[in-house]
Amino acid sequence: MNDNEYFGASEAELGFLKEIVRMLPAGLTVQDAHGELLLVNDAAASQLGMDGSRPSPDLAPRREACRQALSAGQAVVTEESLHNGAARQVLLTTHRPVRLAGRQLLISASSDITEQKNFEDQLFRSAYFDELTGLPSRRVIEHRANGLLARDRGERFALAFLDVDNFKHINDYYGHAVGDALLVELSKRLGRDLRDSDMLSRISGDEFLLLLSPIQSQEEVAEFMQSTLQRLTAPFFIDHSEIFASTSVGISLYPDHGSSFETLRQNADIAMYRIKNDGKGSAAFFDSSMEREALARMKVEQSLRLAILEKRFCCAFQSKVDIRTQAVKGIEALVRLRDDEGVIQAPGSFINLAGELGLIDELTHLVLAEIVKSIDLINETFGAEATISINVAAKQAGNPEFMRSFAQALDDTGFPQRFMIELTEDAFVAKNHFQDEILPMFRKLGVGISIDDFGTGYSSLSALADITADEIKIDRSFITDIHKRPRSQGILRAIESLSEALGMTVIAEGLESYEELAYLQAATKIRYAQGYYFSRPIFLEELKLATTVASEARVNVASRPMQQNRQGYSRASGYRR
0 MNDNEYFGAS
10 EAELGFLKEI
20 VRMLPAGLTV
30 QDAHGELLLV
40 NDAAASQLGM
50 DGSRPSPDLA
60 PRREACRQAL
70 SAGQAVVTEE
80 SLHNGAARQV
90 LLTTHRPVRL
100 AGRQLLISAS
110 SDITEQKNFE
120 DQLFRSAYFD
130 ELTGLPSRRV
140 IEHRANGLLA
150 RDRGERFALA
160 FLDVDNFKHI
170 NDYYGHAVGD
180 ALLVELSKRL
190 GRDLRDSDML
200 SRISGDEFLL
210 LLSPIQSQEE
220 VAEFMQSTLQ
230 RLTAPFFIDH
240 SEIFASTSVG
250 ISLYPDHGSS
260 FETLRQNADI
270 AMYRIKNDGK
280 GSAAFFDSSM
290 EREALARMKV
300 EQSLRLAILE
310 KRFCCAFQSK
320 VDIRTQAVKG
330 IEALVRLRDD
340 EGVIQAPGSF
350 INLAGELGLI
360 DELTHLVLAE
370 IVKSIDLINE
380 TFGAEATISI
390 NVAAKQAGNP
400 EFMRSFAQAL
410 DDTGFPQRFM
420 IELTEDAFVA
430 KNHFQDEILP
440 MFRKLGVGIS
450 IDDFGTGYSS
460 LSALADITAD
470 EIKIDRSFIT
480 DIHKRPRSQG
490 ILRAIESLSE
500 ALGMTVIAEG
510 LESYEELAYL
520 QAATKIRYAQ
530 GYYFSRPIFL
540 EELKLATTVA
550 SEARVNVASR
560 PMQQNRQGYS
570 RASGYRR
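The opening residue of the sequence shown carries number 0 in numbering that gives the first Met the number 0; numbering runs sequentially from there.
It is worth saying that the hints were derived from the structure and are not from the lab.
Hints are not guaranteed to be accurate.
[Claimed, not checked] Computed spacing ranges between beta-carbons, pair by pair: (1) Gln-225 / Asp-286: 29 to 35 Å; (2) Leu-444 / Thr-262: 32 to 38 Å; (3) Gln-225 / Gln-115: 45 to 51 Å; (4) Asp-41 / Gln-115: 27 to 33 Å; (5) Arg-98 / His-142: 45 to 51 Å; (6) Leu-376 / His-175: 42 to 48 Å; (7) Ala-86 / Ser-287: 54 to 60 Å.
Glycine included, C-beta positions come from ideal geometry on N, C-alpha and C.
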């Protein structure tokens, strides 16, 4: 419509057009060259606070954008953030100058993009900031460190890798909500006294990175980290619980320990693992000897993955013996690894690593498969009535998916009632619904439950009353030299009495001397024990050799003096079934 047509329009047509403009969902304003508003539709009035629904926001930025558009004679597109207290509204506005009826006018159309901007901000924060603690993410601290490296002004800085000690146990025992709350409080204490140039980042579940820049000396960093760790010694009060938490810290320095972020991070990580192995709760600086240890660990890791792939694991079996009749009650299957040179490796060198790498489930299934494959030999050696114990880690016990698959595998053997699952006590007391949801699956199959290493975990004698188990294995730390240790004797009697009242069979682990055996026989009601006094773990190859002389050995063993039995029982052929 041209100017003449506009002025020739009927009042009805003008009214119709005005009504359409008023009801447009986009905000629309028209103003003259002096900034006088000639038209404001309902949407614009609401956006700009002109309808009285809220205080009018600061419109100075909008007026400046309008002035620029008019003076330039070109359209201007802007994002406008209008604040009303804590509330924010974001408009995407196009200011377009036009000439109409000889007058210079500015038409401004605004769309409300607040929801879109909030979503973008949320995406930004999730990409660059940790949702739980509000700390910067790994990519932010990496960007900061790379910026320092790129400038290369000769300034030194420190990168510290911090890992919360025993966080899994805290999570399992108190629950994930408390664990999350602990991480929030930890981040507050760790972030205290930081300078604007420093940065604390949460990079994973219980791991943090701390960038200290600039620094003058290693001594300065050591002093700061010591004060930080001291701050963590005070308990955390969360959800009516008093929780103690410590952090292991590894530190690398630039340029002493690397010239790239990844190298510095890896070296700080290596130093942190040294602390984990040495007792936790302190800090260490990286040195070259740690790198050699890390390479050795990596070699073990690679060997472990390859061994599982090639099924180079084997089983050894150690008997649980009736200390009064010498009869075999059951056997425990102990996993062993054959390394590249065929040397047998004890589980201490790979079990924890298998758990860290997520390989422990497959390893447990391999143990079961080995038992099933050798069941005839096992029966011939130890007896068809002997129970067969398999160790399951607490982490596995809290994983319903694994436990369901393992229960099915036990059922598929055709003799699930022969099996006993050995679990450490933290599997029972952790808040992972093991007793309510998982235990009934195994009870239905007739699988027995054993508490392994009792007395070394998080539970207590009172907690024992709530545990549903068939067998309790008293940790060897209580059995070693029991005849010389009155305090351990008292603890042993207490565990024995409570276990008897609850109907649980007691197994003494780690029995190694005649004196220990004599004390158990004379001073306790304990019937069963396991340890090197009776037999070291026996491999399948040895079982094949032993079965040919089993009958003859069993005839002679009862007449041997007790003091000589340890040597005599070095093979399974020494047992009566």
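Comparing the hints with the structure gives:
no., hint, in the structure
1, Gln-225 / Asp-286: 29 to 35 Å, "violated, 18 Å"
2, Leu-444 / Thr-262: 32 to 38 Å, "violated, 51 Å"
3, Gln-225 / Gln-115: 45 to 51 Å, "holds, 48 Å"
4, Asp-41 / Gln-115: 27 to 33 Å, "violated, 22 Å"
5, Arg-98 / His-142: 45 to 51 Å, "holds, 49 Å"
6, Leu-376 / His-175: 42 to 48 Å, "holds, 45 Å"
7, Ala-86 / Ser-287: 54 to 60 Å, "holds, 57 Å"
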